[in-house]
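Build the complex from these two chains, which are given one at a time in their own frames, with help from the hints.
Residue numbers (my numbering), protein chains in the order written: chain A, 1 to 355; chain B, 356 to 647.
Check each hint, because a few of them may be wrong.
[Claimed, not checked] Take a look, some chain B residues computed to stay more than 10 Å from chain A by CB distance:
id: 1; residue: A445
id: 2; residue: I454
id: 3; residue: Q461
id: 4; residue: F479
id: 5; residue: S483
id: 6; residue: S493
id: 7; residue: I508
id: 8; residue: E528
id: 9; residue: A533
id: 10; residue: N539
id: 11; residue: D620
[Stated by the list, open to error] Restraint-style ranges between C-beta atoms, simulated for each label pair:
id: 12; chain 1: B; residue 1: V417; chain 2: A; residue 2: N272; range: 34 to 40 Å
id: 13; chain 1: B; residue 1: I487; chain 2: A; residue 2: N272; range: 39 to 45 Å
id: 14; chain 1: A; residue 1: Y312; chain 2: B; residue 2: L413; range: 27 to 33 Å
id: 15; chain 1: B; residue 1: V428; chain 2: A; residue 2: I333; range: 22 to 28 Å
id: 16; chain 1: B; residue 1: L362; chain 2: A; residue 2: I333; range: 48 to 54 Å
id: 17; chain 1: A; residue 1: S230; chain 2: B; residue 2: I467; range: 43 to 49 Å
id: 18; chain 1: B; residue 1: S446; chain 2: A; residue 2: A342; range: 24 to 30 Å
id: 19; chain 1: B; residue 1: P476; chain 2: A; residue 2: I116; range: 46 to 52 Å
Quick caveat, the hints were computed from the structure, so don't treat them as lab data. All values derive from a computational prediction rather than experimental measurement. Cβ atoms here follow ideal geometry from the backbone N, Cα and C, with glycine treated the same way.
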Amino acid sequence: MKLTKAKRNKLIYNIVTFALVIGAFLILQSMIANKTITRSLKGQLVPICCWIVMAVSLNLVIGISGELSLGHAGFMSVGAYTGAVVSGLLMHVYDIQDPTLRLVIAIVAGGLLAGIVGALIGIPVLRLRGDYLAIVTLAFGEIIRNLVNVLYIGTGDGRLYGSFLNKKLPEGITMLVDGAKGAVKIKPISTFTAGFILVLITLVVVLNLVNSRAGRAIKACRDNRIAAESMGVNVTKYKMMAFVTAAVLAGMAGALYGLNSSTVVPTQFTFNQSINVLVFVVLGGLGNVLGSVISATLLTILPEMLRAFADYRMLVYAVVLILVMIFTNNPTIRSFLNRLIAPFKRKETTGGDAQ
Amino acid sequence: MIFLDNLMNGLSLGSIYAIIALGYTMVYGIAKMLNFAHGDVIMVGAYIAFCGLQYWGLPPIVAILAAMVVCTVLGITIEGLAYRPLRQAASLAVLITAIGMSYLLQNVALMIWGANPKSFPRTFINSSILHIGGLNVSSATIYTILANVVIMIALTLFTAKTKMGKAMRCVSEDRGAAELMGINVNRTISVTFAIGSALAAIAGVLLCSSYPILQPTTGSMPGIKAFTAAVFGGIGSIPGAMLGGVLLGVIEIFGKAYISTELGDAIVFAVLIVVLLVKPSGLLGKPVREKV
Chain A
1 MKLTKAKRNK LIYNIVTFAL VIGAFLILQS MIANKTITRS LKGQLVPICC
51 WIVMAVSLNL VIGISGELSL GHAGFMSVGA YTGAVVSGLL MHVYDIQDPT
101 LRLVIAIVAG GLLAGIVGAL IGIPVLRLRG DYLAIVTLAF GEIIRNLVNV
151 LYIGTGDGRL YGSFLNKKLP EGITMLVDGA KGAVKIKPIS TFTAGFILVL
201 ITLVVVLNLV NSRAGRAIKA CRDNRIAAES MGVNVTKYKM MAFVTAAVLA
251 GMAGALYGLN SSTVVPTQFT FNQSINVLVF VVLGGLGNVL GSVISATLLT
301 ILPEMLRAFA DYRMLVYAVV LILVMIFTNN PTIRSFLNRL IAPFKRKETT
351 GGDAQ
Chain B
356 MIFLDNLMNG LSLGSIYAII ALGYTMVYGI AKMLNFAHGD VIMVGAYIAF
406 CGLQYWGLPP IVAILAAMVV CTVLGITIEG LAYRPLRQAA SLAVLITAIG
456 MSYLLQNVAL MIWGANPKSF PRTFINSSIL HIGGLNVSSA TIYTILANVV
506 IMIALTLFTA KTKMGKAMRC VSEDRGAAEL MGINVNRTIS VTFAIGSALA
556 AIAGVLLCSS YPILQPTTGS MPGIKAFTAA VFGGIGSIPG AMLGGVLLGV
606 IEIFGKAYIS TELGDAIVFA VLIVVLLVKP SGLLGKPVRE KV
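Chain B extracted, bound-state conformation (with noise of 0.2 Å):
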């Protein structure tokens, strides 16, 4: 019972890190950048999310709406001020751009809603505990497992089916001849930051219900792990995103549980080094062959 409780547990920050994990994955692929302010889209749509709540008295589904709204304007904003002036640049300016970004984020965030630690409310999402057979399972869990099964079958049937999708695999593979084909490369990197950082919006609210503690760096270590994810199933593959994403959060749940609270995260890390040892382009990752 126990080993199911700490699944369901495993499962659910999984499912987190996964939906975060897409951001970073999507980004990466087509804009080849790491986003380093990811992490803290998710503190904004957790606090836009909670002032909708808590000061504005919405509904929690206009609440949540309000939440992605804001992020994905954040997103396409953050996108076209700070990176796309720095589209030829080297990729390590773009990243240090990025962590400037993130800092700013963070202290915006911090001179609005202050550095004390706010309690995310209770929402229809953790409001109650189902009983299933003997496991206690908080409808925060499902909730968040089943955001993240939809997700990913609405993103895949999205970059499959649609025009757009199919832009955005078409910019992934090679930005040149994309371009050449007529698609507009500006704005398919644009809308791939709008969906991440919608996404990033509901892993925000998704967080905040399990572990209802809100600061501006509450992003900070789920946007590393999620990042940690992405690797771990092969940067660029959304399969590769939730399947990485889910596995770290179980690894992390049982090394927490059965092997030491202190060490969780040294586990987790310790797992992804040696899975990229042996397979050094991530699980579902393929392979860059080198060409001289």
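In isolation and in its complexed conformation, chain A is listed as follows (with noise of 0.2 Å):
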């Protein structure tokens, strides 16, 4: 079978991207059965995962279905109290000591209930356009985090409990979620094995659906709405699709996030997270999923590395945003770095860029 260009440029593409995913895994892989692994690295790997999941399906919405979310954060801490009140109630109630098990349940869990949540959200915001999607998106996120700052589940001789606002539970019973204290008491059960299967499926999901039929009907939607409406395309149908998956992924990536630790504040989930997960995204290259597996992974470790400068690293972290933000989007810089690099370019790589 012959391939055309474009269809051979996206395979090598996605051969690409996996190509790299899988080979970071075995090379961790094998650095931790060496013990040649450093101890911050270490505990970095299962968050690593958590935020490419984050950037990737962030990356779903923003780059590919063209709407600007600023609550993705709101999802992830969905999930992260899902995927910890579902692993406790596993544990204390139903009596599923194998954590793996446990693990998935939670995962999937939290991938569902994100999603609900989202497909709920979805419904009124996406009618919106532009910069009010994106504060209804920021006002989403911001309740999210409010309700579950008041939200206490607990649970006790085979019963789970649960109040809002007031703490009417009863004496002496584990408790799961416990207001403004977060989720507590959480055994962390996630696996960078567990992280790196994610990332996978999250892969496989995104770029399936960005070069199915219905990734083009969301990809027309973001480039034209009025012309791909006249063609026919459901554009609320594509852009739920779009916004309901990514929800999904964010749920899971939280369940693993929320069950790599002892505990979940709502604290951890702000706008700033938010805020975070777009810049990978925008640094990434909006629309490019391998960008934002990169840049991710980069970020995550990137304030890691600067902990030498303790006191200076959120600030050269933004100024290294500011400056990299200016010199890949202003025009005159970016004509002579053009110019600089033009004589070590091939003629023919100028076309083809693989989304």
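Below, the structure is given as structure tokens:
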């Protein structure tokens, strides 16, 4: 079968993406086996996987569906809380001690609930456009954070107790979610392998969606809503599809993230966290999935590597962020850079961007 | 009586939001960008006023003026260094740069003034409590509401009557056409940033007079709320920012007083969502027609 050039480029892009991720996983696994990995990096492995999933899923909304969402951390917190509660429930009530099974069920549950929340939010929100959509997603993210702040869930003698606003729970039960203290007493069961599998699932889902009929419809809505609508594309349906898929993936990442530590607090999922993920997406390149993977990895490690500068690291991060944006987006600087690298470039490589 | 107390508090908080929201809405109207660093300019203004009062022993008025001057210079510098090179770039790139600028300001403030919260000194603004017919009103409340009214009138006159104000309206309507008519677009945008930042300094002082805890993150939450207020009223519209800010403040205080303290923010944002769903361009925003 003969492939067209565009299809071949897409195939190469996908193969490179998967090869890089799998290769990185194998190298890291062998490093763990040899014990040559540094402690700080080892502790970062699961969070890196979570942030990759977050970045790729947000890229689906922003880069591919073209809607600026500022509340992605909200879905992550839904996933994290659901994961923590489900895992605690399985352990205390249903007496399932196998951590892998609990992790899988918790991640699926986190994804499901985040997806439901995403659908509920998406129905009203996706009617709005541009900056208004951005502000409403921001508002939803803050509302979710406020609501989990006054949520109390506990379990005791085989039952689940919950209350909202006031802590009206019987004495002597095991608290799973304790208001502003967050989800407490979580047994950390996340593993790097689970994170890796989640990253693979995300890549398969997103790359397949992007290159499918639905993906082309989604991109058509992004590029010209009215033209797409007049060609018979159901804009709301496809935008919802992208939004809910992203919410499910973010929820799964959240569950994995939550089950990686012993507590989850509402302040972990503020507006700033949504912005962080947005930074991953924009620096990696809008619509570029591989770019999101790489930038999420590097930017998660970078603050850790800058620990030597302790006090200055966020400062350096901010300056780097501003400079990168100016250097990659200013037309004068860009053409100057292009002239610098032009002699080293082959003539053909101008066309055929992967996305 | 409690109702009236809450109403006064709401109006006062709302006036602060309104003054901040003006900065957002003017910059959005003219440069078509969300200046996320605006909230942190408030914080810088408050710190400068704090230093003026606490360390340099300046009289309150001079300290406020110093804060306004520093913030104006800061606003123009930020615009010139970070936003002007990106005038032609995609709006998302500018947004990320603004976020980077916000981080930068917060971290510079962290280095200079440290992470420990500072308590804002008492000035003539919040020195006394007035008794008006059984109502106990802090003088800060009165000054804040007064400042808001004065600023609103001044800005309305400025945009309607002066040459620069007309240039601003022109640039926000159609930048290309304004340039062809001989308006210096870059200078107009700089002036907009200068006015917005000077207002931010005033807002910072007023905010810290009512809520006297000052730390490097002081500006972010009021910044987000004021931004919400600007959208609520219809972003790009000056009376809209005023109305949105005041309403948001009143809703927040009433929500906290009558429904739930913890859910105050959630109520504010929920009202915002309902308004945007009913009227997608905000309360006073002009609906944008799409042309094919």
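Broken hints, by number: Violated hints: 1, 2, 3, 11 and 17; rest satisfied.
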